[in-house]
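Participant: Protein chains in written order, with the numbering used here: chain A, 1 to 400; chain B, 1 to 292.
Simulated from the structure, these hints should not be mistaken for lab results. Since the model is a prediction, treat every value here as computed from it, not as a measurement. Every residue, glycine too, gets a C-beta built ideally from N, C-alpha and C. Careful: at least some of the hints might be erroneous.
[To be verified] Here are the in silico distance ranges between beta carbons for each label pair: (1) B/L68 - A/V121: 45 to 55 angstroms; (2) B/L186 - A/K388: 54 to 64 angstroms; (3) A/A284 - B/M133: 21 to 31 angstroms.
Below are the chains, spelled out letter by letter.
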Amino acid sequence: MTIPRLLAASAFVTTMAISSAMPAAAQEREIRLSGFGAMSGVVRSFGINSKAALEAAADEINKSGGVKLGDGTKGKIVIDYFDDRCNAEEGISVTRRIASTSSLVGIGPTCSNVAEPLFGVLQKKVGDAGDSGLQFPIFTDVAIKGGLAKISEWAFRNVPDEGAMYAALFQWLKKTRPELKTIFGGVEEDFAHSRATWYAVMKEVAAKEGFEIKGEAKWLLADTNFTNQAREARRAAADIVAISAHPFTTCGMLKELGRQGVKPKLVIGLTSSSSLETLQGCAAEAEAIIIPTSFAPVTPEARAAADRAAKFNGSLDLHSGAAYEIVAILKDVIEGEGVLAKPDTVQADRAKIRNGLSKLTETKGLIGISKRTEEGEAVKPFLFVHAKGGKWEVLHNPTK
Amino acid sequence: MLIVDLVQSIVDGLLFGATYALIGIGFTLVFGVMHKINMAYAAASVGAAYAALRLIALIGGPAWASLLIAAAAGGVFGLIIYWLCFRFIPLSNPLATLMSTVGMFLLAEEIIVHTTDGMPQNYPVVVRGILDMGEFMIRGDLVFVFVCALLAMVVLLYLLYRTKLGIATRAVSQQPVAAQLVGIRLNHINALTFIVTGMLGGFAGALIGSAVGLLSPLLVIPLTIKGLIVTVIGGLGSIPGAIIAGLLVGMAENVFQYFRGVTERDIYVMLLLFVFLVFRPGGIFSNTVKRD
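Same shape as in the complex, but just chain B:
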């Protein structure tokens, strides 16, 4: 029974880790382009999912429509966060944008709490079905999240490496002054980055709501923490790294919980983070360990 349970824990963890991967991609993309952390990213993602839930309740529509509405809302929230927390804040001071996004994180969380009175909201199931293989079970909705995470990675990599927007984005990321000299509008590209990552975040928020079956302000802090861990383990700015790290963190959580219990689980996840920071500070796909 031990092996069966262990394998099931690993599979469940990997699949649930796909939700962390989706959030991690958003964190890492903003860092990759602007070299800044957007602490309000997960809060905005959950906020976008709430907005979709409200709109669906208001106008009706199938459950899958909530994914599209959440993506649209996420894009709008992304732009708002860019305007309020980055556009007019001195980017040369790394603490300024960090604090502005922490403020936005708290504001977004409180807006959600005040709008919903903190009550959990039932979220419609987008994908139903469980692959039941006797002792083993695989949840269809988590497989869907997993596929979405892979698709998001492919689409984002295509956008970054095969389109003019991607070239401009990478130029802004690598040489912002040179990019401006060749006519690339820095603010325009940064805003677009926030819209794209916001859309991805909204989509992720809706998928997470669907996978959990609920939306609650309680999701905001854990998702922010998991998103940051995934970003660090995956390597700041690495999209494939965020995917692998998301799956790894999800799996590690479940396995540690299986062996050590729920009260010790997070201790080991944090230890994993420290192991990466010490031995592989550049993340999973970094080539060399650069140390002082």
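Bound conformation, chain A alone:
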């Protein structure tokens, strides 16, 4: 073969190689999902864990071949994460910003005081021409205050149903610990989630299960002095002390109870306190505290997910576990609804995802199957965990 022929042959081979590789690259589209939550301020750990969970889940899906889109091409999930500082105005602003990009879904926020007004700016009823609200699907991983998704048909949540969790907990206690008759509550009065959980959930279901409410003490999110509140608990001498507060004040109250020698037979905590924060703040004082949670590494899937999130510098708990599940749910919805993920189909894709989410009746979660309600809420499986030796250990699995 002469040199010109050799050159021509190699040029042909190179051209063929490039041209055969190009469609593959073109076929791999970006599916942009945008997380948002608190990445600064005192609830920063929630955002860090959610971001890590989203990235870990996306990484796992991408490594397993990506997401099959409506025209048969493969898409790769790309995660953005935005800081809303647990502030309602910033949360709304961040969502509007995300909605102006090619992002298909917003995953967040961290705080219920952001979720509530944010859902209010979304279009309430799909297809209502008179409602100029934002038409952008939001899938919430953390904000847990009860019943928020019904605010808009574009809002969905994958957060546990605290009403069911605490009802099951008190029923179980009534059955297994009949010596427990009375309960005293402690509530972080200025935090939407803590407040709602004590007044609308713990207090009500405890009374319904026949526990006598011996009183309640209140404090604020940044309080440091719990002497009055612990004294009230001491005087109430209840069998159970239920603390509906986040880790900082849960630890403060537990420490003060210890100082004053208040030793209830049982301490119950807020779902959000079943986290690393509580153990970092007061592992010794939190020993034996019981908390219902929708995540614990009890299944192979949950353990693998926790390991993956750790590689992205996060810790999986009931909130970040929900974020991890959301990415898997969205993959199924995108594939089921034939989302195209093209620049000119963004709004249509968002509508398809919203429709897909609204049609779901159950989803696969890390510790079991979750039911979906018509109002866009999840009914997730849960466990009772207790702090033991500086770790959260499963105490009881109500589904077994």
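On the provided structure of chain A, position chain B as indicated by the hints.
Facilitator: Same frame as chain A, but now just chain B:
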């Protein structure tokens, strides 16, 4: 039971108020010397306590060592704040240093949040023990804080009125130009003031961490607000005033909480501040009420 609870609330409040007093002393000392408010003071104090906690976790050591390490870290932070927020900022403009220290306050808080991910950290107990008298209880650690606040006042008053450094500091405070004319280095004295108050702040931050049992960025804003209230009620620049005001604010908080509940507590504390601003603007120990 009402009287017992009320007395206990007063005692608890007074003792907890000692933590406010320690922070208030730092605010008031800087104001006394430079006639400026250092808004980053409480944030730096909490930061110093965090630094001590990290170092103790790293190298080990008894809980009380955290007080000394925090004091040392506080001194360094004090100097940094002086250099960044005062040294090269025009002191003639009162808003300039106020804004620079507000900026430093936000920066310090975010540094703490980013270093710890906002998670509360368990703080070792320096002084254990509770004096249990049946219905009454007195916390040993808060008594220790109280004694420390009194000792800090004595030491600072001694420094100010019995040492050459104190004379120089007061000279800078009263007549900065004249002080320079007699050879006192203005920047040197100001820097020393920040180091001393920083050390006190670090010590206070560690004591507060120990008394609360936790460190969290959540401490920064309440301590700053309480420190400022204490400084105003105690009289700007008055060290004994800061001590009394700290105890008073602590007591008032607890008593208002006892009678009116936690959600109204801070309203009454703020009303107390306004009462002082209107009827005794010079603070507790001011002789006369000067009004326009």
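Participant: If any of the earlier hints don't hold here, list their numbers in rising order.
Facilitator: none
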